[in-house]
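Peer 1: The residues making up each chain are set out below.
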Amino acid sequence: MTNDDWNAELSQVGLIPILANPSTLEQAYATLLPEGAAVAAKLVVSKPPLQKPSLVGSFKRDITATELVLVEDDLRDFLQLTTLLQTTPKVPSKVAHAELYPQWGEIYYGPKIDEEIKRFIVVSPDSWNALSNTVVAMRTTTKKKARVHEFPFIQNGRVQACCGDASSLRRAALKVTARLADRPDPAMLVLADKVAIARGLVEVYDLHDALARAGVIVKPDGTL
Amino acid sequence: MGKGGAVADRVPVSIPAEARALSKRPEALGLPRGSSQSKVYNELLRRAAVQVTQDERSKRRRAIYAEYEKDPERQAAITILASEALQALQS
Numbered sequence: 001m002t003n004d005d006w007n008a009e010l011s012q013v014g015l016i017p018i019l020a021n022p023s024t025l026e027q028a029y030a031t032l033l034p035e036g037a038a039v040a041a042k043l044v045v046s047k048p049p050l051q052k053p054s055l056v057g058s059f060k061r062d063i064t065a066t067e068l069v070l071v072e073d074d075l076r077d078f079l080q081l082t083t084l085l086q087t088t089p090k091v092p093s094k095v096a097h098a099e100l101y102p103q104w105g106e107i108y109y110g111p112k113i114d115e116e117i118k119r120f121i122v123v124s125p126d127s128w129n130a131l132s133n134t135v136v137a138m139r140t141t142t143k144k145k146a147r148v149h150e151f152p153f154i155q156n157g158r159v160q161a162c163c164g165d166a167s168s169l170r171r172a173a174l175k176v177t178a179r180l181a182d183r184p185d186p187a188m189l190v191l192a193d194k195v196a197i198a199r200g201l202v203e204v205y206d207l208h209d210a211l212a213r214a215g216v217i218v219k220p221d222g223t224l
Numbered sequence: 001m002g003k004g005g006a007v008a009d010r011v012p013v014s015i016p017a018e019a020r021a022l023s024k025r026p027e028a029l030g031l032p033r034g035s036s037q038s039k040v041y042n043e044l045l046r047r048a049a050v051q052v053t054q055d056e057r058s059k060r061r062r063a064i065y066a067e068y069e070k071d072p073e074r075q076a077a078i079t080i081l082a083s084e085a086l087q088a089l090q091s
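Top line first, the protein sequences correspond to chains A and B.
Last residue of the first sequence: 224 (the working numbering), numbering continuous.
Last residue of the second sequence: 91 (the working numbering), numbering continuous.
A couple of the hints might just be wrong.
DSS-like mimics (lysine-lysine), calculated; alpha carbons at most 25 Å apart, straight line [as the list claims (entries may be wrong)]:
{"#": "1", "chain 1": "B", "residue 1": "70", "chain 2": "A", "residue 2": "52"}
{"#": "2", "chain 1": "A", "residue 1": "112", "chain 2": "A", "residue 2": "144"}
{"#": "3", "chain 1": "B", "residue 1": "70", "chain 2": "A", "residue 2": "145"}
{"#": "4", "chain 1": "A", "residue 1": "118", "chain 2": "B", "residue 2": "70"}
{"#": "5", "chain 1": "A", "residue 1": "143", "chain 2": "B", "residue 2": "24"}
{"#": "6", "chain 1": "B", "residue 1": "70", "chain 2": "A", "residue 2": "219"}
{"#": "7", "chain 1": "A", "residue 1": "112", "chain 2": "A", "residue 2": "175"}
{"#": "8", "chain 1": "A", "residue 1": "94", "chain 2": "A", "residue 2": "175"}
{"#": "9", "chain 1": "A", "residue 1": "145", "chain 2": "B", "residue 2": "39"}
{"#": "10", "chain 1": "A", "residue 1": "143", "chain 2": "B", "residue 2": "70"}
{"#": "11", "chain 1": "B", "residue 1": "70", "chain 2": "A", "residue 2": "112"}
{"#": "12", "chain 1": "B", "residue 1": "39", "chain 2": "B", "residue 2": "24"}
{"#": "13", "chain 1": "A", "residue 1": "47", "chain 2": "A", "residue 2": "60"}
{"#": "14", "chain 1": "A", "residue 1": "144", "chain 2": "A", "residue 2": "118"}
{"#": "15", "chain 1": "A", "residue 1": "144", "chain 2": "B", "residue 2": "70"}
{"#": "16", "chain 1": "B", "residue 1": "70", "chain 2": "A", "residue 2": "47"}
{"#": "17", "chain 1": "B", "residue 1": "59", "chain 2": "A", "residue 2": "144"}
{"#": "18", "chain 1": "B", "residue 1": "59", "chain 2": "A", "residue 2": "47"}
{"#": "19", "chain 1": "A", "residue 1": "143", "chain 2": "A", "residue 2": "118"}
{"#": "20", "chain 1": "A", "residue 1": "144", "chain 2": "A", "residue 2": "47"}
Hints in this document: simulated from the structure, not taken from any laboratory.
Work the whole structure out from these sequences, hints included.
Peer 2: What follows is the structure in structure tokens.
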């Protein structure tokens, strides 16, 4: 699902897996293809096809234009981009749940990378997060990246989010706790940061047409 | 053209041979057969402008992404994230 410029230059790609036996919950965020259900809620990053250890093997077929529209629209809706990128952005409502769950737009400590515990922002919707044992999250970084939508500055410019690294994580991979002292500071994003991340996701996955289909016009970065 | 160098809507141009050949086949541009030459050239010019803009955008993005490919933090992250992704898919 990552754009072809990304795929041409990077040894990582963003994928939506096709599952043979999706659960009822997964089906709610999926497009049915002849091969199975393409589940947007299970967005993952992977090494490119055939590069070990890739999640992807050899080429099977090109997705049709009609199928791509459906899958793109699923991803747009799953990431709640329409709500965030309309003229007056709206914050999606919270979902009440008896158990603690990783919440959309909040920041949690996650897996260690290079011996350092990293911070992750949850970008999957609470309607998924409350019921699933996985979430989609992206890491943040204080190491300078390019000043483009794909790496939006957040938290008053102190940190950048890596939108192209958004991927499914098990709930257990995040430190989900009610104790704010055990959460990163700050533990939540302001609306402007959530909108900036949404904008970055549109660029990474080239979802401009998908947004237009939902009545929201976001011009590709740098175009007329 | 007025003061301040405003861009004119019409300018005289020489028509390249490739464009002239296409002007005889408006349907190749998705226009009805028999469309006027001005409609055909207008569509050609619009498509060319869109293509050039897209090419510029692609070149800019690829340069940025090529830098990210070399990023040591990214290289460390993808190994962990891909492993986590596999566990997420299996769970």
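Peer 1: Hints first: check each against the structure and report whether it holds.
Peer 2: Hints versus structure:
The straight-line distance between the Cα atoms of residue 70 (chain B) and residue 52 (chain A) is roughly 18 Å, inside the 25 Å bound, and the hint therefore holds. Between residue 112 (chain A) and residue 144 (chain A), the direct Cα distance comes to roughly 19 Å. Compliance with the 25 Å bound is thereby established for this hinted pair. For the hint pairing residue 70 (chain B) with residue 145 (chain A), the CA-to-CA distance comes to about 11 Å; that is within 25 Å, so the pair holds. Annotation: proposed proximity of residue 118 (chain A) to residue 70 (chain B) holds, straight-line Cα distance about 20 Å (limit 25 Å).
Distance restraint check for residue 143 (chain A) and residue 24 (chain B): the Cα-Cα separation of roughly 56 Å exceeds the 25 Å cut-off, and the hinted pair is therefore not satisfied. Annotation: proposed proximity of residue 70 (chain B) to residue 219 (chain A) is violated, straight-line Cα distance about 28 Å (limit 25 Å). Between residue 112 (chain A) and residue 175 (chain A) the CA atoms are separated by roughly 12 Å; this keeps the pair inside 25 Å, and the hint holds. Between the alpha carbons of residue 94 (chain A) and residue 175 (chain A) the distance comes to roughly 20 Å, so the proposed pair stays at or under 25 Å and holds.
Our distance criterion of 25 Å between C-alpha atoms is broken by residue 145 (chain A) and residue 39 (chain B), whose separation comes to about 45 Å. A hinted pair counts as satisfied when its Cα atoms are at most 25 Å apart, and residue 143 (chain A) with residue 70 (chain B) qualifies at roughly 13 Å. Using a Cα cut-off of 25 Å, the hinted pair residue 70 (chain B) and residue 112 (chain A) holds, with the two alpha carbons roughly 20 Å apart. Of the pairs offered as hints, the one joining residue 39 (chain B) and residue 24 (chain B) holds, with about 12 Å between alpha carbons and a cut-off of 25 Å not exceeded.
With a C-alpha separation of about 17 Å, the suggested pairing of residue 47 (chain A) with residue 60 (chain A) holds against the 25 Å cut-off. Between the alpha carbons of residue 144 (chain A) and residue 118 (chain A) the distance comes to roughly 15 Å, so the proposed pair stays at or under 25 Å and holds. Restraint check for residue 144 (chain A) and residue 70 (chain B): satisfied, since their Cα atoms lie roughly 13 Å apart, inside the 25 Å limit. Taken as a hint, the residue 70 (chain B) and residue 47 (chain A) pair is honoured in the structure, with Cα atoms around 15 Å apart against an allowance of 25 Å.
For a cut-off of 25 Å, the pair hint linking residue 59 (chain B) to residue 144 (chain A) stands: about 21 Å separates their Cα positions. The suggested pairing of residue 59 (chain B) with residue 47 (chain A) holds, with an alpha-carbon distance near 23 Å, which does not exceed 25 Å. For the suggested pair residue 143 (chain A) and residue 118 (chain A), the alpha carbons sit about 12 Å apart, so the restraint of at most 25 Å is met. With a CA separation close to 23 Å, the supplied pair residue 144 (chain A) and residue 47 (chain A) stays within the 25 Å bound.
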